[in-house]
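Protein chains: 2
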Amino acid sequence: MIERIRLESLRDKVMSAESAAEFIQDGMIVGASGFTKAGDSKAVLPALAEKAKREPFKITLITGASLGHDTDGKLAEAGVLSKRMPFQVDRTLRNKINSGEVLFIDQHLSESAELLHQQLRPDVAVIEVAYIDRDGSIVPTTSVGNSVAFASLASKVILEINTAVPESVYGIHDIYQAENYPHRNVIPIVAPWNKIGRKTIALDPAKVVGIVFTNIQDSPADIAEPDEKTSAIAKHILEFFEQEVRIGNLTDRLLPIQAGIGKVANAVLMGFKDSNFYDLTMFSEVLQDSTFDLIDSGTLSFASASSVTVSKACYDRVFGNLQRYRDKFVLRPQNISNTPGLIRRLGVIAINTAIEFDIYGNVNSTHLGGTKIMNGIGGSGDFARNAYLSIFVTQAAAKGNLISHVLPMVSHTDHTEHDVDILVTDVGLADLRGLAPRERAQKIIDHCAHPDYRPELQSYFDRACERGGHTPHLLEEAFSWHLRFQQSGSMKKKEVE
Amino acid sequence: MIERIRLESLRDKVMSAESAAEFIQDGMIVGASGFTKAGDSKAVLPALAEKAKREPFKITLITGASLGHDTDGKLAEAGVLSKRMPFQVDRTLRNKINSGEVLFIDQHLSESAELLHQQLRPDVAVIEVAYIDRDGSIVPTTSVGNSVAFASLASKVILEINTAVPESVYGIHDIYQAENYPHRNVIPIVAPWNKIGRKTIALDPAKVVGIVFTNIQDSPADIAEPDEKTSAIAKHILEFFEQEVRIGNLTDRLLPIQAGIGKVANAVLMGFKDSNFYDLTMFSEVLQDSTFDLIDSGTLSFASASSVTVSKACYDRVFGNLQRYRDKFVLRPQNISNTPGLIRRLGVIAINTAIEFDIYGNVNSTHLGGTKIMNGIGGSGDFARNAYLSIFVTQAAAKGNLISHVLPMVSHTDHTEHDVDILVTDVGLADLRGLAPRERAQKIIDHCAHPDYRPELQSYFDRACERGGHTPHLLEEAFSWHLRFQQSGSMKKKEVE
Chain A
1 MIERIRLESL RDKVMSAESA AEFIQDGMIV GASGFTKAGD SKAVLPALAE
51 KAKREPFKIT LITGASLGHD TDGKLAEAGV LSKRMPFQVD RTLRNKINSG
101 EVLFIDQHLS ESAELLHQQL RPDVAVIEVA YIDRDGSIVP TTSVGNSVAF
151 ASLASKVILE INTAVPESVY GIHDIYQAEN YPHRNVIPIV APWNKIGRKT
201 IALDPAKVVG IVFTNIQDSP ADIAEPDEKT SAIAKHILEF FEQEVRIGNL
251 TDRLLPIQAG IGKVANAVLM GFKDSNFYDL TMFSEVLQDS TFDLIDSGTL
301 SFASASSVTV SKACYDRVFG NLQRYRDKFV LRPQNISNTP GLIRRLGVIA
351 INTAIEFDIY GNVNSTHLGG TKIMNGIGGS GDFARNAYLS IFVTQAAAKG
401 NLISHVLPMV SHTDHTEHDV DILVTDVGLA DLRGLAPRER AQKIIDHCAH
451 PDYRPELQSY FDRACERGGH TPHLLEEAFS WHLRFQQSGS MKKKEVE
Chain B
1 MIERIRLESL RDKVMSAESA AEFIQDGMIV GASGFTKAGD SKAVLPALAE
51 KAKREPFKIT LITGASLGHD TDGKLAEAGV LSKRMPFQVD RTLRNKINSG
101 EVLFIDQHLS ESAELLHQQL RPDVAVIEVA YIDRDGSIVP TTSVGNSVAF
151 ASLASKVILE INTAVPESVY GIHDIYQAEN YPHRNVIPIV APWNKIGRKT
201 IALDPAKVVG IVFTNIQDSP ADIAEPDEKT SAIAKHILEF FEQEVRIGNL
251 TDRLLPIQAG IGKVANAVLM GFKDSNFYDL TMFSEVLQDS TFDLIDSGTL
301 SFASASSVTV SKACYDRVFG NLQRYRDKFV LRPQNISNTP GLIRRLGVIA
351 INTAIEFDIY GNVNSTHLGG TKIMNGIGGS GDFARNAYLS IFVTQAAAKG
401 NLISHVLPMV SHTDHTEHDV DILVTDVGLA DLRGLAPRER AQKIIDHCAH
451 PDYRPELQSY FDRACERGGH TPHLLEEAFS WHLRFQQSGS MKKKEVE
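Protein chains in written order, with the working numbering: chain A, 1 to 497; chain B, 1 to 497.
Incorrect hints may have been included.
Computed footprint of chain A on chain B; a stretch qualifies when at least three of its residues, placed anywhere within it, have a C-beta under 8 angstroms from a C-beta of chain A [what the hints assert, rightly or not]:
#1 102 to 112
#2 177 to 188
#3 344 to 357
#4 381 to 388
#5 460 to 470
Heads up, simulated DSSO-like pairs for lysine-lysine below, C-alpha to C-alpha not over 30 angstroms straight-line [as the list claims (entries may be wrong)]:
#6 Lys372/A x Lys492/B
#7 Lys443/B x Lys58/A
#8 Lys372/B x Lys492/A
#9 Lys443/B x Lys372/A
#10 Lys493/B x Lys372/A
#11 Lys443/B x Lys83/A
#12 Lys195/A x Lys195/B
#13 Lys492/B x Lys443/A
#14 Lys443/A x Lys58/B
#15 Lys235/B x Lys263/B
Because the hints were derived from the structure by calculation, they are not lab data.
Ideal Cβ positions, reconstructed from N, Cα and C, are used throughout, including at glycine.
Turn these sequences into a full structure, and let the hints steer you where they fit.
This is the structure in structure tokens:
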């Protein structure tokens, strides 16, 4: 175990999580590893929650993305979090954010590192590592996230060595740090499989104040089997890709794929298995089970991301057989995996999930009823804005069709119509490229809306057009569907109205 | 004159604008040069409008950005335009767009070339040039815009040789064409003054169907003198920059500046004249008079953009003395001047104008009352999303303070809160970096809102917070200010209400 501290002078820094947590004081900014439940702190952050039961204190917590093991919930419950960024998926934390108790900065994941440099320099970093190398540099585990920035900017660093991750993980990370302005250079990636950096994260050993050992796997991903609706969405997307190949816009290799987390992404990726597509690649932020299934089936050649978030079985398969997957995927800092310039240069096909979209193709992917946040924008904005093809998916209607996900106007805008090329629901697919707003509206109503809601959407659009405008709307009615749902639990108009 | 056709085999292609216009037929897609009134077609497009008076026909017209000489208005008036993209500023055209007569695709300027390759291949290109080189390649005039894509993709090309532009303009353009997917390489620009391409646009002479001579300067820019409000906005921004220098975030050289068109941008740039800032650079889309004034005063070292749009006096000064300015500015294709990767790599400071913004920092820069378009998003999205600092400016209130530009909710979202760092009105500046939505709201109300509207904004925010949410809103009231203005011509609440 102690051999994982290869720089011997650091071996006297081993301590308990409780002792390490003492370095974190009231009012501090803490940068912690972890991206979509992968590679997060499993000892020190939970110890912080315990510590707060004895003495109340508050911190700003910045991570890569979401944490596993209910850590965000425990910290929120204990009242430790005054501010949190850039992403979360925890129910308890979400409630505290929506009640105003915790301030949350919902941020494009590529931009956190920029903000860290400008404004929010962490006092303490907590980073999960596989081991500490002889030169004091560190080997991350199942994600990279913002750990490069944390290690570079924090004045004190706490390391969690997780012995559940094999040391052979060395080499699956491509650690590249962008230069500071005005000396930033090109990021020389022209294909997903390019490796341009070092294998370890540089770290000044003098900054290491504590080392804690753990032996805990990441929280497993919830694998939801495709259902009728997600299968229908996946089918529409695959048919669209086939059509693009037929007309010569794409080849059977497609272009590098980014897929957000969730059922639909998994269903689309699994759909590739029995298709003509081959030699596929991913340039994404998270790799899920489906990625490794496609690697195993020979359909996917290479995947680039910032984290691996998979089921227990897949975790054991991948990290127990790294030799087999070593040349098939790479993990990068999130300001590289998600950086706008690379996404456009590579021509990424981005598939992300919407909560709702409107007839003009504006997308809400974060807020319920315009006010309450679910998770956060994550990397969807990084990818959608810069992708070769920006695809958003959602089911046409939900909760026994009492909620329509195609609306006159979204109650919160995360992605504007300018950044949305293709919309897909279980009902159908609308290719919006080259269309003006009025054309987009008719196509979205015809192809994506649930039949129960189509007549009323058409009525809204027609009446709005009578009043005119590039983007016709009836402002007094634009949110009436949301308000109706708030009042009656259904977006459907009552007969008497 | 004829010497400007240096490839002698093309000299028999000279014809009248009317004859050239005959190559453009009903239903065609036409790609025409021109970016913010600079380097636009001055003969063939107007001839099209005349032609339509004799025989009605419709085209899709794609340009770099807006056209000068009322050409868009003439074409719209004559009923020639069925679809127009990606930007316009013409009153007649705007009215036809808002009435639904002309379909308009309002598009990030960096993305038009991408869409041209994917979907909207032009049948005919009309490109203003200074001359045709011996190899058939062409030298653009005062803008580059999308001309590289048009020349490459159109099957027929009409050239307008404008003898009002000196041939010595050769060398001020940096013509670089991004490779097609999946073979796109890095764009090796790491500073605004880097030149990475050729001096002329490649063109297959066999595609040239007509050459028309003109001798007409670009429509001059309207230079509006700074007034009390724009001066106040400029002062807030300059003070903010000085503050950032004091705390070490920036140096006196700042970072490359992008400034949208208009009074405020001019006022900010002129403010640099009597400041401590030096060796400034621009990485922008349009260069205005103020750019050349700053070059003359020695404050600005280099400016990169896609067009020069200046007053008559400045035009004569610059293009009559190109030797003096030759190493001080460069014109690039708009998919290079506006490309996301370069904007982030260079760390651009982006200053753009809003029509209105809301208490959470979402910005509407295109639509009046949520429906009627003014001009278009232009390059503001390209820059705001990827800038080191994204600044939006507007006056706090207008029309005798009957309209507040700071609102509970914007009626149309072009830039989400994620892409807006700094908001400025004549009242003050709100630095929103590192703030959660509720913090942003209080800062915007306190620092940016007009005092007449501050109490009601505060009341909205307070009442929304009582209901909760990450982004508190009262959906039933969110657009009440816009609706009140529609009904009464004022956003102010009446006493009796």
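Problem set entry | List of violated hint numbers, smallest to largest | The structure conflicts with hint 13 only, although it agrees with all the remaining ones.
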